[in-house]
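Engineer: Place chain B on chain A using the hints.
Taken in sequence, the protein lines are chains A and B. All residue numbers in the first sequence are consecutive under my numbering, ending with 666. All residue numbers in the second sequence are consecutive under my numbering, ending with 796.
Simulated from the structure, these hints should not be mistaken for laboratory data. Built from N, CA and C at the ideal position, the CB exists for glycine as well. Incorrect hints may have been included.
[To be verified] Straight-line distance between alpha carbons at most 25 Å, and here's what the computed DSS-like set of lysine-lysine pairs gives:
id: 1; chain 1: A; residue 1: Lys549; chain 2: B; residue 2: Lys544
id: 2; chain 1: A; residue 1: Lys567; chain 2: B; residue 2: Lys234
id: 3; chain 1: B; residue 1: Lys613; chain 2: A; residue 2: Lys598
id: 4; chain 1: B; residue 1: Lys282; chain 2: A; residue 2: Lys468
id: 5; chain 1: A; residue 1: Lys503; chain 2: A; residue 2: Lys468
id: 6; chain 1: B; residue 1: Lys544; chain 2: A; residue 2: Lys598
id: 7; chain 1: A; residue 1: Lys598; chain 2: A; residue 2: Lys549
id: 8; chain 1: A; residue 1: Lys567; chain 2: B; residue 2: Lys268
id: 9; chain 1: B; residue 1: Lys411; chain 2: A; residue 2: Lys468
[Said to hold, decoys possible] Sample of chain B residues facing chain A (criterion: CB under 10 Å; computed from the structure):
id: 10; residue: Lys234
id: 11; residue: His400
id: 12; residue: Asn426
id: 13; residue: Thr434
id: 14; residue: Val446
id: 15; residue: His671
id: 16; residue: Leu706
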Amino acid sequence: MKRGRTVALLGAALGFAAAMCSPAIQADETTPTRVGQDAVCTRCHDESETKPILAMYQTPHGVTADGRTPSCQSCHGASAGHVAGDTEGKGRPAPDVIFGSKHTPAGYQPSDPLVQTEACLTCHKEGLRTHWSGSQHQLGDVVCSNCHTVHAANDPMLVKILQPEVCFGCHKEQRAQTKHISTHPLDAGKMACSDCHNPHGSSGPKLLVKNTVTETCLTCHAEKRGPFLWEHQPVNEDCTNCHTPHGSNISALLKSRPPFLCDECHDGPHNSQAPYGTAVGGIQGGGALAGGSPNSNAVGRACMNCHVMVHGSNSPTGAFLHH
Amino acid sequence: MHTESKQLTVKAVSLAIRAALLLFVGASPLVQAQALDAENEDVHALIYPLNWLEIGVLNVPTDSPKFGEYNGLYRSGAYLLANFDIRGGDAYRQDGGTTRWQVSGIDLGTTSRNLQAHIAQQGVWNFGVSFDQLRHYTTDGSYQTPFLGSPGDNLFVLPPSFGVINTTTTASGGVITSENRGTQSLTASQQAAFHDENIYSERRNTGFSAGYRMNAQWAVQFDFKRLDQSGAKLIGSGTDAYDLSDAGGFNYRGERIAILMNPTEYKTDTLNLALNWTGRKGFASLGYFGSMFHDDYSGVTWSNPFVTGGTGDQPNPAPGTSPGDAFPLSTMSTPPDNQLHQLNLSGGYLFSPSTKLTGAFSYARNTQDASYDGTYTLVPDTAENLPVNSLDGLVVLTHADLKLTHQAGKALSFAAGLRYNERDNRTASREYTFLDLGGEELTAVNIPMSNRRLQFDMGADYRFGSHQHLHLGYEYDRIHRWCGNDLANNAQGELSDTNAGYYTNASCVQVPKNEENRLVATWRARLGETVDLNAGFTHGRRKAEVNDSFYNPMQANDQGFENFGYLAFFAASRSQNLFKAGVTWQATDQFTLGLNGRRTNDDYDSTLGVQKGHSSSANLDANFSYSETGAVAAYVSWQRRSRDLLSASGRNAVALRDTLWSNNFGDRDHTLGISGTQKALMGGKLDLTEELNYSSSTSRYVTDLVQNINPAVGNSGSSPDIQAKTTQLRFIGAYRLNASSSLLAGYLYQRLKSTDYFYNAYQLGFTPTTLLPTNQQAPNYSVNSVFVAYRYSFR
Chain A
344 MKRGRTVALL GAALGFAAAM CSPAIQADET TPTRVGQDAV CTRCHDESET KPILAMYQTP
404 HGVTADGRTP SCQSCHGASA GHVAGDTEGK GRPAPDVIFG SKHTPAGYQP SDPLVQTEAC
464 LTCHKEGLRT HWSGSQHQLG DVVCSNCHTV HAANDPMLVK ILQPEVCFGC HKEQRAQTKH
524 ISTHPLDAGK MACSDCHNPH GSSGPKLLVK NTVTETCLTC HAEKRGPFLW EHQPVNEDCT
584 NCHTPHGSNI SALLKSRPPF LCDECHDGPH NSQAPYGTAV GGIQGGGALA GGSPNSNAVG
644 RACMNCHVMV HGSNSPTGAF LHH
Chain B
2 MHTESKQLTV KAVSLAIRAA LLLFVGASPL VQAQALDAEN EDVHALIYPL NWLEIGVLNV
62 PTDSPKFGEY NGLYRSGAYL LANFDIRGGD AYRQDGGTTR WQVSGIDLGT TSRNLQAHIA
122 QQGVWNFGVS FDQLRHYTTD GSYQTPFLGS PGDNLFVLPP SFGVINTTTT ASGGVITSEN
182 RGTQSLTASQ QAAFHDENIY SERRNTGFSA GYRMNAQWAV QFDFKRLDQS GAKLIGSGTD
242 AYDLSDAGGF NYRGERIAIL MNPTEYKTDT LNLALNWTGR KGFASLGYFG SMFHDDYSGV
302 TWSNPFVTGG TGDQPNPAPG TSPGDAFPLS TMSTPPDNQL HQLNLSGGYL FSPSTKLTGA
362 FSYARNTQDA SYDGTYTLVP DTAENLPVNS LDGLVVLTHA DLKLTHQAGK ALSFAAGLRY
422 NERDNRTASR EYTFLDLGGE ELTAVNIPMS NRRLQFDMGA DYRFGSHQHL HLGYEYDRIH
482 RWCGNDLANN AQGELSDTNA GYYTNASCVQ VPKNEENRLV ATWRARLGET VDLNAGFTHG
542 RRKAEVNDSF YNPMQANDQG FENFGYLAFF AASRSQNLFK AGVTWQATDQ FTLGLNGRRT
602 NDDYDSTLGV QKGHSSSANL DANFSYSETG AVAAYVSWQR RSRDLLSASG RNAVALRDTL
662 WSNNFGDRDH TLGISGTQKA LMGGKLDLTE ELNYSSSTSR YVTDLVQNIN PAVGNSGSSP
722 DIQAKTTQLR FIGAYRLNAS SSLLAGYLYQ RLKSTDYFYN AYQLGFTPTT LLPTNQQAPN
782 YSVNSVFVAY RYSFR
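For reference, chain B alone in the conformation it holds in the complex:
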């Protein structure tokens, strides 16, 4: 543990908060000295908390929503710095009172503001209110769209003059290939319709809490929070390219994509009520947890600018011309209202000073019955064939755990634990006939998935003298997956000739059962008085029970399976080895050096799918307190991650494909930081803190055509690096003007350089990709910011 470092580090982007808290929490001599001249003031300072008010201004010279992603400093200009923390109550007088109160406000001049008030008669009752705002920017100020509508709306239409995007095909039968696809280039007038929108989603969390302690044994605690969300986040959207002139109402036109502003107009009420009992040998808590989610919308509707069929009186309009009466509309759902009600019981009992049993049980009902109205494109087939108008969904969540610990003498201890979690989805299955993207009529059955997980662990710890410690453990983990009704369990689709025989006894899950056994060993030792060593090894072996007749319900009827031998990585059989080791050297009372690392190797047994995974890291830390008032700290972190995937091209569920390709993922991260603090400079008047952080991350994918793949059906090679480099440099100083006043000033330099091919497809005028461009760019910024604030403190 290096608790020193936390007092030296200035890391939060929120400069004002950090400046204030560092001075307040860091037990700075400067702060401690404020208002202290006489001995009685010394007592006063020890008893009474330091209250402070802070007001100032912070300047941000450039717009950067990414820089201001969470701190509210997203636009250039001056921001008001306003923070305060005031506490009081008769308990501080130490004369018999037990009441304390606190009112605080942080970052009040930004959209990341926080306000809290709390009062308590310690040991009897408490009461608190809070408000927290967080505006999360998700675009870098460059999102452009031709749709009319604002963030937070759920209807996005195109201006009538926008015209159909050129997607003319030459193929008969509506089958589009890369060869016959239209250019999809936007006309000059269409490009002119694009305008900027700033995308953010804002959270406003209002809370209320209260508690009452009836006596030494019984207490009750209550808290309520309302989370109001507004704004939008970006989302993709495949359009329904329908053609009313077609007899079926739809005609296949491919899946054209627009990036939309998905509204986040949500409200979530969270409620906790707990009755707690504490006795001499035991304790227990009975509680209720409720979470009620509400969405102001049920869906998002938008114009389809890719339609080529036109409407009744003006069929087949030429590209770039109006489609007639209006653009056809597509609709997709937004999150449905839902509720969770949970009863919780937990407690513990001490059989003896050395033997303890703890446990918990909870039972929850998660329901969802939002109407389907407004969640789909209204076309005749869909509306007429709905089996019900809402899901009436129910999931029952059950949890139970027990843990027994026993200290058998000073050197030996045992622990054994059991955990049970069940997600029982009791929602009914029904057949839904609908028109998918492109207008294909399909029938699918909703598959309510359930799982039950049982975990058991036992371990022994032995101390060799006072300097060595050995832990040996065993862990067992089993998960069952199932569907709770016959319709879901027999939901396989129609079989094409090539796949005949694949299904034998269809089930809704690919891996109905996983079992994993793990062995754990860790060792710690102290060499002399200054060196601590630790090492650990874990070996795990997970086995999958595979259902070869699995039908993936999320896919079309003739596509609802994975290639033979392909398993999802999180359920596939796997062996895992984890090594870790570390050393800490307390060279002197002032200097500490630490080095630790870990490596994990995953080997999967799947014929196809993820074959190997690996992660490793090394971390070097140094802390040096060169005087009572000065210290520096530094760290370096090195991290690597990789994943090897083997996949098959072409669909053949019956036998293993021999057309193989691989994809290897590699992630390389380097992080370093240096921080320092100097207190009580200039005769005790000046405190300084500095911090530099640098982070570099690179992700790369390499695809190889391994066997029998015609390069014409796909390509290989490396994707461009996804790279982000962040530099943060901060200086903060506090100068004491007099006993109650301080001047704070700071400088922040923060830079992000990133490249990401994610954005290539969104550029105007770029190679057609069937995506409507947004002109978004990979986030890059360089911000030099300064602040100055006046701080008044008193007790």
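Same shape as in the complex, but just chain A:
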């Protein structure tokens, strides 16, 4: 604690020093100027806090020479009562803005979500946050600090390999699905949730980064974009007609196993009208033709043994997605 106090004092000095520096970028009139108010706060709030704060100087919010950089009070409010202390013997009043969804160790209740969010949107209203208002997370009272850790040197939300754990704090079904045998490479840190979703709100469904599901998937899977000579309607409309992107027991991220998956849309053509059930000899699985021989319409890739171009074909002989 002693060292923490020392650090806090030095942090306060740092705040004053920063305020004295000439900013490389002049603050514009729409953003507040940092005026060395940090010291007012860091005199008491130090590295011994439950959530240490001074490493913030390593973050973009700590580049004091950038005229846009906020002070503590830019986000937490002037908090005059809190700064003045326990003047009425009723305990120190809360700061103007308390972030989070739980009460603080000091017993302060979090501020209204709108107040919290506005503190961030004052500077971060554009870009990825364009569609925040009215978005699923906004309506669910999710606040910025539920996901972002702005006082730490590194915000896990912005580290690809750590980001899914932040999201899984609420999205527990998706957490379980990523443990399935067929997944996107989230667990290996090669993808993050934000590669597909914009948690701040979007113009697409399910907070997707693009306007539609298909447009989002084709960002990486451009080979399936076409337009193909022979199209497949569910592919054009929504990839999730057949795929479940967070994980599946059926490769490749399929909602169900062909031929049964195909049966959900096709009943007339070809062998989609044929029932397939018990294994031949107890081990085949997927069905048999009359007479007992296994049926290639049902085993292995089933329909996709021959109808291989399920995403579309550009061959003049591919009308039935064979080629």
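Structural biologist: Below, chain B alone, put in the same frame as chain A:
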């Protein structure tokens, strides 16, 4: 929110990354204490980032491409661990500078390596480059093929001595049934031709980004990425069993199947350019997004080992003998080159502090004009009858959205939104005459499909004091589907006598219009200071406008329809009810318990097709921080999914079939995890993390013959379970040797046990299925891995 748990959990397979990042990001006292002895060093540590270099070795004792599917650890042996993260710049000195830079590398000793460099003068400009490699293994090391050729090639031929596979039939007229089909057994020499191939597809993503902020209002951002793909993925293939001795060039021989290495030799260039404006009350962004896809190939060609007709000078060779000059070849297409160019405009305006309007508009042209050359088997009829040599395809994508939000006092808020998406496929339709699998001559019309979707939602939120919140909403969703030319809209095939009268006014889509209305209600409340409750209910009703004259263009002329009353599930009329509820109990500052669940019921109105769908889940989470340096977390997830299907056997489009069968799908998943962390042990020198995850998934299909079905035409019962059980156990420790050095060590145990009837058909010597075997097995592995690394850190 349980942000604590993310700091406790070690989950990535990539051990080295996780070890490093946990220490780095988790604000560990160990890390924070490094290089800190004096007070000025305390300041130094707060201002300057922790840089680190890590080098070590990781041992994988067994080959397992499935284990190494994404992490690059697919072969047994030792792997170099090499990771680093170095940052600098005058901005850290807090003396007036605003420049920061970062160079980092992760997993450099594997095929999952990542390198990045970034420099920025904050608030003025930024510049970055990146490289990311991902080798995705798709087989479990057991794929075998008799074809000559390597992954990434597009020509797969059989050795001349391979001989024709025994598919002798006894039927006249070439009609094959199960009774007259040959044994299709492979001879000893044919089996000897099978050899192993390791199948993977590799992505190398190289990126470049730059941005410049001209002033407080204007900024421009640019980024470019090139995705290079190589390797192959497995794909089925129906062969053209042609017989040149037949007058038509082809003779029906059934559709024999080989599993091929489909090349993924792709390049995709992606480009983003955006001009951003921010004002006092509004903001806007004008951008361009481009995506250009290129495939090195236009098709894949392979030998047909099933042909029984032989070639000119050696007709009808005996099974197992050479077919003469060479095996006939079959060809299928690979993805065509295509481009997407999109203009985007988005922005928002604050009418007042409580009223905000946001919106976006985008317009895109998606084109494709790759030549048909090399996409089909070259036989006279096809080549001569091509109406054009390329598609000249064009799809115009339009999007627009608006959202208005208004805060009417502290307690009440409103939101209303409108979304419009259109996929207008303006590609021309033409007639294509071709020979399908088996040599049947057919004519089909390409059907460019378009759709337009309009969505509207409005909602109100009301807060009852500070502890209760109610949301009521209404959502409307309408989709139109159409084809944009007369040829596509009248593309019905010839009618057989039994189906006469079915077509009245043919159209290219089965359901031209869907409309759905949804009502949404959610409620949240806080009881006291420690309990949070939430519950929600959504009811949706989707109606389908069905075109009874629908002709499925993907099917042969006399087969291009579904049975009467059968609708594709995603367009069928449906009612949906969704319930969800959750409770979180913050028992103490150290202990949190959460339970939530949801259930969705879908009821379809279709006479035939999917009848019901259901999914449900329950999740229990607990987090306990028993000290400032120690915590444990645990979770359990339970998930169920089911789908009931009713289908008809035999084709009769005119009336509802009375030969019915059902198929029920069930999926059961259980997942649990426990993780813990202990920091600053042994006098502050040792940090430990542990994690255990277990996942069990089982999928099962049950088919029943419901009505009037002769068991001879199909079978019923349960398919074998598709099951996968995964166990992951990890221990990672970091021991501080001195102020700048640490020793990292870890142990990983990961096991997968899976059974899947998918692979039964691929076994050598198994019951003939008309599939050329690959000998692939369901993935199973058990890997014990250890690593040790030295870490040097400095500021």
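Engineer: Please name the hints from earlier in the document that this structure breaks, with their numbers sorted from lowest to highest.
Structural biologist: none
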